[in-house]
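Put together the whole structure using the sequences plus the hints.
Residue strings, one per chain:
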Amino acid sequence: MAINWFKYSSPASFYPLAGRLTPWFFATAALLVIAGLYISFFVAPTDAQQGEAYRIIFIHVPAAWMSMFIYVVMAMWAGIGLAFNTRLSSMVASALAPTGALMTFIALWTGSLWGKPMWGTWWVWDARLTSELILLFLYFGFMSLQAAIDDPRRADKAGAVIALVGVVNVPIIYFSVKWWNTLHQGASVSLTRSPTMAKTMLLGMLVMALAFWMYSIAVMLMRVRAIMLERERNSDWVKALEERRP
Amino acid sequence: MTWASAADFFAMGGYGVYVWGSFGVTAACIALEIAVLAARRRGALRELPVTGSRADSP
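Protein chains in written order, with the numbering used here: chain Y, 1 to 246; chain L, 1 to 58.
Treat the hints loosely; a few may be bogus.
Unchecked claim - These stretches of chain L come out as covered by chain Y in the derived footprint (C-beta under 8 Å, 3 or more residues):
{"#": "1", "region": "4–10"}
{"#": "2", "region": "25–36"}
To be verified - Cut-off 25 Å, straight-line C-alpha distance, at most; resulting in silico cross-link-like pairs (DMTMM-like, lysine to aspartate or glutamate):
{"#": "3", "chain 1": "Y", "residue 1": "K239", "chain 2": "L", "residue 2": "E47"}
{"#": "4", "chain 1": "Y", "residue 1": "K116", "chain 2": "Y", "residue 2": "D47"}
{"#": "5", "chain 1": "Y", "residue 1": "K239", "chain 2": "Y", "residue 2": "D47"}
{"#": "6", "chain 1": "Y", "residue 1": "K7", "chain 2": "Y", "residue 2": "D150"}
{"#": "7", "chain 1": "Y", "residue 1": "K7", "chain 2": "Y", "residue 2": "E242"}
{"#": "8", "chain 1": "Y", "residue 1": "K116", "chain 2": "L", "residue 2": "E47"}
Hints in this document: simulated from the structure, not taken from any laboratory.
Think of the CB as a built atom: it goes at the ideal place given N, C-alpha and C, for glycine as much as any other residue.
Next comes the structure, spelled out in structure tokens:
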């Protein structure tokens, strides 16, 4: 089956497609959250060392994964927008930033609430925590820079530069627990060896990660549609939209 | 089953504040993000320029 993907690189045809897809991503996210929460609280056993406090992992790790993954995807779309001057790519990058920042905040917040009972402190300037905090500031920097520039295309370009430079921070976050002696524990799940946790715990974490992923796509699509309306309000395709009717 | 009662479930083995503080704030953040986005969409639709042919219906 041949799909003309380039067709959807124009806002006029991407807008209705995104509108049709959004409810499906929300529905999938909702089903996965229900399954994930059930596994998190009723299937996964109590941890031998951390008791019930470890259950924070079921949102902490998925949020932390998403915070890094969204940043890389955002930088990629921003870079494509910069290189090929495609306005939809830049709009997708702008639409990803607030959700990425939210995921970073959730990772830091839940980590803090996990650190207090386990390490005895809300916060420590350790490599993993500090580099994740820098990630939050990179998202803020990207968003405030774009907000400060009136011309959207210039804002896209300036944002792309900061996004691309900031990518260097992502491997630093990921490998920080290896490169430095951190209070934060090492990776529980890695590509090179089998996970060091119970199967049901791992399953709960993966289902929640998938739920966060679907949620992020859904809100990205919602936000990119709003951005398209804001930026292209005077274009012919927006003028022809059905939902313009009061 | 890990939990003997509902109270046992909410106590989370003494870590209730930390566990529910994590899940609760995450849920609130998600609800807030969706609400903000819905408002942004309504605002964007409201700001669209009025065209003659479409503005006649009440």
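Evaluated hints:
{"no.": "1", "hint": "4–10", "verdict": "violated (count 1)"}
{"no.": "2", "hint": "25–36", "verdict": "holds (count 6)"}
{"no.": "3", "hint": "Y/K239 to L/E47", "verdict": "12 Å, holds"}
{"no.": "4", "hint": "Y/K116 to Y/D47", "verdict": "17 Å, holds"}
{"no.": "5", "hint": "Y/K239 to Y/D47", "verdict": "57 Å, violated"}
{"no.": "6", "hint": "Y/K7 to Y/D150", "verdict": "29 Å, violated"}
{"no.": "7", "hint": "Y/K7 to Y/E242", "verdict": "20 Å, holds"}
{"no.": "8", "hint": "Y/K116 to L/E47", "verdict": "46 Å, violated"}
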